[in-house]
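Protein sequence lines, in the order shown, are assigned to chains U and E. Counting in the working numbering, the first sequence runs from 1 upward without gaps. Counting in the working numbering, the second sequence runs from 1001 upward without gaps.
Simulated from the structure, these hints should not be mistaken for laboratory data. Wrong hints could be hidden among the right ones.
What the hints assert, rightly or not - Partial selection, computed: residues in chain E whose CB lies under 10 Å from chain U:
1) 1151
2) 1154
3) 1156
4) 1160
5) 1165
Stated by the list, open to error - If you anchor each label on the Cβ, the simulated ranges turn out as follows:
6) 1145/E with 91/U: 40 to 46 Å
7) 1145/E with 267/U: 35 to 41 Å
8) 287/U with 1296/E: 23 to 29 Å
9) 62/U with 1214/E: 45 to 51 Å
10) 1075/E with 266/U: 26 to 32 Å
For glycine and all other residues, C-beta sits at the position ideal for the given N, C-alpha and C.
What follows is each chain in one-letter form.
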Amino acid sequence: MSLRKARRPLLTAIAIAGLVAGAACSAPGSDSGTAPGNTGAAPATAPTCGAQPITMKAYFETGFPLPKRLTDEFTKQFPNVKWDIREDQFAVITQNAPRVLADDPPDLMRLPQVSELAKDGLLKNLDGYAQAFGWTSWPASQLQQMRVNANGQRGDGPLYAMGLNFSMTGIFYNKKLATRIGLTQPPATLAEFDTLLKKAKDAGLVPVNQFNGGGTGGLAFPLQNLMSAYGEPGPINDWIFQKPGATIATPANLQATQHLERWVKAGYFAPDLNSLDYATMMSRFIGGKSVFIFDGDWESGNLDKQMAGNAGFFLMPPAQPGGKRAAMSAPLTYGISTKAANADCAAFFLNWVATNRQARDIAVEVGGSHPMGPAGAYMPAVKQGTVTAGTLEAGATIGKDNGAMDFIANATGAIYAKSWTPQLQKLAAGQQTPDALLKTVQQDYEKQIKG
Amino acid sequence: MEPTTIGRRRVRGARRRRAAWLGWLFAAPALLMYATFVLRPLLLTVQYSFYDWNGVTASTWVGLDNYRQLLTDPDLFASIVHAFELIVFFSLLPVVLGLVIAATIRGIATSRLALVARTVLFLPQVIPLVAAGIMWSWLLSSTGLANELFSAVGLDSVTRAWLGDFDTALPAVGVIGAWVLVGLCTLLLLAGMSKIDPALYEAARMDGAGALREFFAITLPGLRQEIGVCVTVTVIAALASFDIVYIATQGGPGNSTMVPGLEIYYLAFSEREVGMASALAVALVILVLVCVLPIQRLTRDGSR
């Protein structure tokens, strides 16, 4: 087919396409995202799921049994409520969240970082429910990360999501291997931890198998732990919450990044660090091929099952003796679409998860993390010596030291994939300096907030 | 196509005109699908590229700003350079290997081995790219088969996590692409070889040409069109690569395997910059056309 012969049908086809596209010729997008009445006014009475049969549309994360176990228990207690559950991997949920919330609104959905979703008017303002159910009397730190103000900054403003529980991160260790390097009680200072890492290396063990491959910069875990060892969690949270003028390139954070670089250069991480994914890290740790990993208590239940009695947990030790401890701690975030058909029932469910005895049992047993709810609420008994007991105890320490931080990967929607991950991979390969790393991340951050 | 040509040449004559409309009627369903699912998204992408839009809320007209940013962002530029490096692995390697393999298979055409070889070589085309990516990421991992083979022959010093090393990640991804595409090229070239008049080979042999001479004097010129198709398809595969890279490295380590296809995806779905993503997509389409059209011309004209 020569070009001349082709021209006419092609033009016709383009003309047809033009007609088809005609409807979309106006500017894409609309303001309709914000439904009227998303003010978060308190209802007169606390909402319920009623007595009529009702089907809740839910969108959960694949691979984590907690939400499904909770909805099953809920249906047992409230038989009129059925669940229509769709599941996807977290990365898929992250990418789909805006479109799903706008076009196919679920009543309850696992959420990624909420600031942009809230700013776009896609999430229901939960302030009314918080008042009706008394969530306002819970420790404020539990809900802080899910508050978003009108500028899209987190930390204050209306509540746009709720947790099923809240997780805690720190250092897991293999108890059998630990005895070989003389680890009998958790290190009290960063220097002691350094010594342990060195002993492990000298003993021919892999001190840390940390994932850092592909699109997942897992060195962000030890990095943020080191940041909290050298500095305060406050300024880190300000940066994550996008407070005006906040920067990640502080002197304390530079010290932390330099410390991480020393660990890399000393060979404390596995040599294939930059191709390790999360699943491989877990299988190596469970298989006894790693003394330590930096991870979160969502694995506690799993480790208690697969390494029964052989896994321990401690929080990152402070740089100075007797210093306060801090940890990344974040709620397992769920939200309600602005356009949800059964918002009241979803809110009732969220409140039930935090306050019902059976639900709190499930949150700890299956989820491995601390349930949400008032400070003195019922806590299920956990067997001493388990990892779950260790992480729950660490949660109490963090509460006492006021050391909860959100994750630096959650500062903006794209900061982890586009900035932390490639930068940390470069650091691991010796192709980036600590100073330039922090400055680059800060630049990307400012660009992303502006854009 | 026929009624149109006629309609164009002789505009007068009611019967001819009716025939032309009948032709359009038959083509209408396909045309409508094509317009809805190919042309419409294409035009919408062009439209979006002039806006700053997050995919949900109201958009702002920004004119050519997205394109301006495209030309000045070093990260985006680096991804385009990577795509060109991939051409070596996705196009050059499969076409050269394909020629050698096809010539060899043709030499043993009657034996059973030829059939087996053809099937085995074409198999990667049948396997979904995602599966190929996963399989190769195992083979290339630090404890994978590739490293075991190197260790077995005493080359412990070269073993590494191939996809996690800044120097080897892009070539490693390229090898996966070459493995997938070599079968396609071989098959196309084999088909082309069977079209070449055997009399030419006979004549050459009578003139005393060896196998090598035969290959360069008869096979290669005779395959001009097929090689053109192979190069076109594989260059497009290299420039628009996504699946293999996404599965094997997701652009890492440290953006060393970032390609435009992946960048578009990240821009649209993780950074939520639909306008910018569209602009890069449009630029990629133009880039592919700029690379492929000359190849088309080069390989077509000679055969006419």
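Structure-based check of all given hints:
Among the interface hints, the one on residue 1151/E is violated; its C-beta lies about 14 Å from the nearest C-beta in chain U, farther than the 10 Å criterion. With a cut of 10 Å, the hint placing residue 1154/E at the interface with chain U is violated, because the nearest CB-to-CB distance is about 19 Å. Taking 10 Å as the C-beta cut-off, the interface hint given for residue 1156/E is violated, the closest approach to chain U being about 13 Å. This hint holds: residue 1160/E has a C-beta 8 Å from the nearest C-beta of chain U, less than the 10 Å allowed.
The closest approach between the C-beta of residue 1165/E and any C-beta of chain U is roughly 7 Å, which is under the 10 Å cut-off, so the hint is satisfied. A C-beta distance of roughly 28 Å is found between residue 1145/E and residue 91/U, which places it outside the suggested range of 40 to 46 Å. At about 25 Å, the CB distance of residue 1145/E to residue 267/U disagrees with the hint of 35 to 41 Å. Look at residue 287/U against residue 1296/E: about 54 Å separates their beta carbons, and that is not inside 23 to 29 Å.
Distance hint check for residue 62/U and residue 1214/E: the Cβ-Cβ separation is about 57 Å, which falls outside the suggested range of 45 to 51 Å. The beta-carbon spacing between residue 1075/E and residue 266/U, approximately 31 Å, falls within the hinted interval of 26 to 32 Å.
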